[in-house]
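Could you put the whole structure together from the sequences, leaning on the hints where they help?
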Amino acid sequence: MGLPFIKEALTQLFSKPSTANYPFVPREAPPNYRGRIVFHPELCINCNMCERVCSGGAISHSGVETEEGELITRRFFLGACTFCAHCSDFCAKNAIELSGDYHMVAREESDLVVEGTYLKKKPAPKPIPPKPAEQAKPEPVAEAKPEPKAEEAADPACAVEE
Amino acid sequence: MFKKIIENSMAKSPWLFHINAGSCNGCDIELVAVLTPKYDAERLGFKLTGSPRHADIVVVTGPVTAQSKERVIRTIAQVPDPKVIVTLGSCPRSCNVFKGSYSVVGPLDNYVDIDVSIAGCAPKPEAIIDGLALAAAVLKEKRRAK
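If you read the sequences in order, they're chains A and B. Sequential numbering from 1 applies to the first sequence in my numbering. Sequential numbering from 1001 applies to the second sequence in my numbering.
These are calculated hints, taken from the structure and not from any lab test. Even glycine gets a Cβ: it sits at the ideal position worked out from N, Cα and C. There may be inaccurate statements among the hints.
[Claimed, not checked] Stretch by stretch, here's where chain A covers chain B in the computed footprint (C-beta under 8 Å, at least three residues):
1) 1040-1053
2) 1092-1104
3) 1115-1121
4) 1133-1141
In structure tokens, the structure reads:
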């Protein structure tokens, strides 16, 4: 062959450029991309696990006392976030989600903050203790209670047998 | 008249200078990826320069370490005045996971004012292009105010 790579040269001449025409043609992030945090405050149970596992210290919370209870605002500062998704992995109620939105460009710090406010209700009033306590507490606590009773019941029986 | 022509042409081609203030190299690689043929920021006029004296936009990566602090401040001081400081990634904004280390004296806004911050660890090249476009707009604003 007198002309090496002639086929390659011709195909390259008539093929599209490899440059992504980004700002003019928007581009979506690949699936499961970890971008901007989305917080669902209505699902949050205030366990603070996200704050404990956050390596960058990006998550904080503050509370305001009201008549109904404590209004808690959870704050995610994306400028300190590693986007490791530990917070959403450890969230028991899936209240934290990492979306595919990667356009996190800001002139001010407040543009990089994701916030959500939820109400932590006060416990039911004291005078009628047994009923509201049972209603307020979820099922696992109710299940856990009978077990120690059974053990207690079993222990004296053992003692009697001995 | 010449001044106007120069100003217009400068607005179309802001030059970048990149400072590594103790970065883990993730953001540096992404910034270089922006200048490769795949993303090609040079078609939008951005050009990487080797000298801070030629730069309009300063891109800083990394939490400011004790070793790099003096050099970062000195290098940014050498950039001629209508300049825009862009922080790339979470580190210069807040030190990120390096916060509290004995060798980290950041974040960057202890020493200079940050104009544009690009969040992400590391940011996607598209996000960096967004950030640089915003930085170019800020630069235009600053030139007009001057």
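Hint check results:
For the stretch 1040-1053 of chain B, the stated coverage by chain A is satisfied: 3 residues place a CB nearer than 8 Å to a CB of that chain, which reaches the threshold of 3. As drawn, the stretch 1092-1104 of chain B meets chain A at 6 residues by the rule of a beta-carbon pair under 8 Å; at three or more, the given contact holds. For the stretch 1115-1121 of chain B, the stated coverage by chain A holds: 7 residues have a C-beta nearer than 8 Å to a C-beta of that chain, and at least 3 were required. Beta-carbon proximity to chain A at under 8 Å applies to 3 residues in the stretch 1133-1141 of chain B; the threshold of 3 is reached and the given coverage holds.
Hint compliance for this structure: every hint is met.
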